[in-house]
Structures are given as C-alpha cells and as structure tokens.
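Order-wise, the sequence lines are chains A and B.
Going by this note's numbering, the letters in the first sequence line up with residues 1 to 325, in that order.
Going by this note's numbering, the letters in the second sequence line up with residues 1001 to 1323, in that order.
Misleading hints may appear alongside valid ones.
[As the list claims (entries may be wrong)] Just so you have them, the derived chain B footprint on chain A, three or more residues with Cβ under 8 Å: (1) 25-35; (2) 98-104; (3) 162-174; (4) 200-207; (5) 236-243.
[As the list claims (entries may be wrong)] A few chain B positions that, by computed beta-carbon distances, are all more than 12 Å from chain A: (6) 1008; (7) 1033; (8) 1247.
In case anyone wonders, no lab produced these hints; they're calculated from the structure.
Bear in mind that the values here come from a model prediction, so they are computed numbers and not experimental data.
All C-beta atoms in this analysis are idealised placements derived from N, C-alpha and C, irrespective of residue type, glycine included.
This is what each chain is made of:
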Amino acid sequence: MLYREALNRAIDETMAIDSNIVVLGEDIGRYGGSYRVTEGLFAKYGEKRLMDTPIAEMSIVGNAIGMAIGGLRPIAELMTVNFALLAFDQIINHMAKLHYMSAGKITLPMVVRFPQGVSKQLASQHSESYEQMLASVPGLIVLAVSDVNYAYHALKKAILMDDPVIVIEHELLYNKKGNVDFDRDIDPLKARIVKEGDDITIVSYLKMVDDVMEAVPQIEEKLGKQCEVIDLCALNPIDYQTLALSLKKTGRLVVVEEDHKKGGFGSQVISWAVEELFYTLDASPLRIAGEDVPIPYNRKLELASIPTPDKIVARIVTWGEQNGL
Amino acid sequence: MNKLLAEEIYYLMVLGRKFEFSAKEHYMKGDISGFLHLDIGQEALSVSAMKAFDRGDVFSGYRVHVMAIARGLSPKSVMAELFGKATGVSRGKGGSMHLYDPSHFFYGGDAIVGGHLPNAVGCAYARKYQGSEEGVMAIFGDGATNCGAFFESLNIASAQNLPLLFLCENNGYAIGTKITSVTPFLKQSKKAEPYMRTMEVDGMDAVAVYDALKEAQKSLHDGHGPIFVEAFTCRYEGHSMSDPGSYRTQLEMQICKSQDPIDRMKKVLIEQYQVDTASLETLEDRAERAVEEAVDFALASPEPDEAELYQNIFCQGCANVIS
Ligand SMILES: Cc1ncc(C[n+]2csc(CCOP(=O)(O)OP(=O)(O)O)c2C)c(N)n1
Ligand SMILES: [Mg+2]
C-alpha cells in the first residue's frame, strides 16, 4: 500500500463509521486532492461531506474550528505548510487555545493535515518545514508521518481524538510503499524504533528517517558500531520515555532533521537530553539539520541546503571518530 | 495601435508560445524541474498587458514566463532560470515561478496565491506618495479573487484612492476547481464593483486587451483611483506539468481553442494592417530563432556556484550589513 493510500483509507474508514466526519480544503473533492489523498471519497460521500473550498487557508482552518464547535469532526487539508502559514492565526490563536481559555468547556475534535519539506526543485515558497513553530504551541498535538503503517493508524486515531491534531506529512513520501498491519493498533503518540542497536541513538522524523536508514549500513560499517534509529512520530507531546531508554543503552545521541538548524525542532531533543540525561551521555550530541537559507531552486543548491544520506554518513562518521568511536 | 506595435505584439505572442512549448519539451527531458506553469492560450493577455501598461510597476504570479519576456527580460535569461543556471534571471535560485527584474519594474514572480496583492497596494501607495503618475498593475487569476488578501487589497486601494490596476485573468479554473463551484460569481469583477470602476474584456483578443488596459491606465493617470479589469481567457494545458487537466471536457477545450489568440492576431495583421505572408513568416522565424538561442544559452550556461547558497540572505554592501 502507498502512503497516500494509507491516509486515504484512514479517512475513508472513519468517515464510514461516523457521519460527523467531514473533509474540507482546496481541490480535495471533485479533483481528489493535489496529492490524491482524498481520491474517490467525493464519489462515495458527496459534496456535503467533502467541501471544496476556494483558496482561503485562513477560512479553511477557521471554518473547521467552527464546524468542530458545532458538533462535527472536520479534517482540514492544506496543500502545503507554505500556504498553511496563512492559517497560522487560526491554528495558534484559536485552534490551540479555545479549550484552555474556556477552561475545558470547548473541545475541538479536528485534524489539520498538510505536507511540508523539500520536494524536487519547488523553490523556497513551496519547500519549507515549520514543525518547530507548531510543536512549540501548547494545546496542539503534532504528529509527523514518515511511515505507511503509522500513516494509517495515526491518522485514524487523530480523527477520532477529541483534541486538535496537526498531522504533518512529507511531499516526497506520498508514493512510498509499505505494509499496514491492520490487526495491531498503535499509540500515535509513541516513538517508533525503526531499527535497534546498542551504540548510537539516531533520532529523526518525517522523510529524514528514510535518509537515515539509507545511511546506517555505511555508518555501521565505517565505525564498527550499531545504530538505533528512532522515528519520533509525535513532535508534541514528545515520547521522552522511549528516547531515554535508548540513550541509557547507547549513551550517544544524533538528531537528524530537514528544517533550518537555527531554532529547529532537533534543538529541543538535544536540550532535553543535556538537561535530563547529561551524565548518561558519553559524547556531545550531534545535530544534522538543514542550512539556514531559503530553499533554492537549482537542484545542486537545493541538495546542498538539506541533509542527504551521504552527508549523514560523513557527519556521523567524523563525529564518531572525534568522539573515540 | 500602429502597425509596428501590432507586429511586435504578434511576434511576442508567437515567441511566448514557442518558448512555452520548448519549456514543456525540456521539462520532459529533465532539464527543467519543479512546478512549471505554462501560459499557452493566454498569450494575448500576457503580452498586451505588458505592452499597454508599459511604464508602471507590475506584480504578478507564477505563470509568468511570457509576461517577463514581453516586459523586456531576455528569453535567454528566463530560459536559463528555468534550467536553474547561474545565468538565469534569479541566478538559478528562483526557477520558473520566481522571475524578477526591478530594472523593468517587474516584481514577478510570486507563488503564494494572492500574496502579491498587498505588496502591489503598498507599491501604489509609494508611487502616489512620490507623485508618480505611472501607477501599479497587479495580475492574478480568478482563484486569487477568493483570497482574503484580495478583498483587503480592494478595500485599502479604494480607501486610499491608489493608482492600482487590478488585472484578473479569469480562465475559469484554480487548478482543478471550477471557479463557480467555490464562488457565486461567474464574473469576478462583481467582487470589485462596490469599491471601484470595473471593466471586462475578451482576453483572447490582443487588441481588445491592449485598448482596455490603455483606457484603464489613463484612468489611473487621471487620478480616478483603482480600477479592476477582468479578462476572460483559457489555459490550454493543465495547471502545471503535474496536472493533466482532465477535469475539462473536450468540447470545452474545443470551444476555447477556436478563439486562439495567435490565430486571431494573425488575422488582424493580415486584414487590418495588410501584412503579407512573407512578413509574417519572417516574424515567426525570428521568434523560433530566439527560442532556439535561449535554449542553447541555457544548456551552455554553468550551474550556480555552491557559494551562491549563502548569498543574498541579507543585503551585502547595504546599510546595516549582517555578514
Ligand atoms: C496561498 C496559496 N494557496 C494555494 C496555492 C496552490 N495553488 C497554486 S496555483 C492555485 C490556483 C490558482 O488559480 P488562479 O488564481 O485562478 O490562477 P491560474 O493558475 O488559473 O492562472 C493554487 C490553489 C498557492 N500557491 N498559494
Ligand atoms: Mg484561474
């Protein structure tokens, strides 16, 4: 099954059991979604449950909030995080805060989903990653989907949750293949151990998980050490428990992320580790992130602006050697 | 318009179409990547708009190659930008959607739908402040008229009586969404009517577009404040290279192609300006050559240096340098 098909199936199955679930967004109905996530749903559920909206991101999220207040369970799709920026007022000032400001009297069972990240030469207004902005807002559950099985289970759970959830997808993952284990439920807030290992904990999320996995065989060969790869999955709340267990075993932490390094999400993971597990660490943590530049169009420059498997290998191997690995 | 200008408009339209077909070909070959939005079918609008609004500032969107060329940017530097080369308009950092040239008062180039409209309003304020008579033109699609920024711009431009020409290219679609499925109006000028004078024009007719925009430009110069021009047009290709455009019927496409702007301009040249076939062919050959030269130039040009990555984040050699 493809990543986008897993997302589609999660929406389809929940819509089938709960008629309060509606979907809204640009090109999501008749057209089937710009990444084909809602394909086929319009024919099945009709225009009352799939609202094609005009290009009006602030209203897409704002309307979803109102729908949730009114008793529906909306799923709002935004084409990319770059356009979601137009809806950040609704997301941060309203979606994240109404529950708290009303002392719990208002609940917002809603999902806002969008892809982000560097695709292929879409230039800077279509290539950004802003998880760090959203994961720092109290009141939002933020999930980052890197895997097909997780896509299906996490989106399903997110739709059925009573708290507002941001589901971040990645532009380059929609056609990723994988298996879904329909029989085994997962907790979407729990980090996923992608690969076990005893020596280095590599924490990542979204597409960088794939890049890390591509890099790992070479890292292990060159350093003669075993890597444990963790996909964070939830960026808010963060599953520190799983991270701590791994770090107690390995004593070494690397974080790999695609967003800009300055203020990027990985700095949170490292600052937590240094504050909480300082004496467990055998080496200074390493952070591999995107450059602090707008993403350029030219392919060579674009690749120079973000981590790639080659760069991940080189950085970790150099760091490993400097730290006596 | 005089014969010389009519010929130039025809030449630029032919050049524009050949340029777009060539870009399409090179996209399929892998020389161009990312989002590529072709202007085929809408050339009358892109070219006549630039020729009529010849002096003021222009703000536009992402379907912008033909406009940029008609504005005076060289086909070579535009093609090189599409190829992501160091010789491109934006030295390979912007790509197809981000073409800018302040020396031609051309500010692209924006890929956030509706995002450039408030910028155009601000620029119109600056021009009025400076006592300039040229005014500003903002170009956008039918889809952009549903953005909040659009309504805010209508309101502020009108409240401030700014010299701003709103040019709406109504091709009936925003990607795969038919405009009437998300707004109650077929004509988007309805939205501007409460604020300002509105005009409508056949966007497949280069002469009509030119005349309408000349009239609108005069209205700006005369200090009548903002004006809204809606041009009805048709894009022949999908929204971008990743959209096959299959949501439109064959009949619909047939009807709009029967209005082909290049065929119509050719007819005007022959019938009204007595241009003979040989002269037409000369123009067409010249356009063909310009596109070939642009492609050769793009292919031969170097990739940008890796150092380019960190250039232009902040202004170098300006006040308050941050290095
Ligand atoms: C704020 C924002 N939302 C969504 C998009 C994605 N998008 C790009 S073009 C487009 C359709 C625009 O349609 P229209 O304004 O009619 O222009 P046309 O492409 O038809 O020329 C959409 C939705 C975007 N670029 N920016
Ligand atoms: Mg349109």
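Hints, verified against the model:
| no. | hint | verdict |
| --- | --- | --- |
| 1 | 25-35 | holds (count 5) |
| 2 | 98-104 | violated (count 0) |
| 3 | 162-174 | violated (count 0) |
| 4 | 200-207 | violated (count 0) |
| 5 | 236-243 | violated (count 0) |
| 6 | 1008 | holds (31 Å) |
| 7 | 1033 | violated (4 Å) |
| 8 | 1247 | violated (6 Å) |
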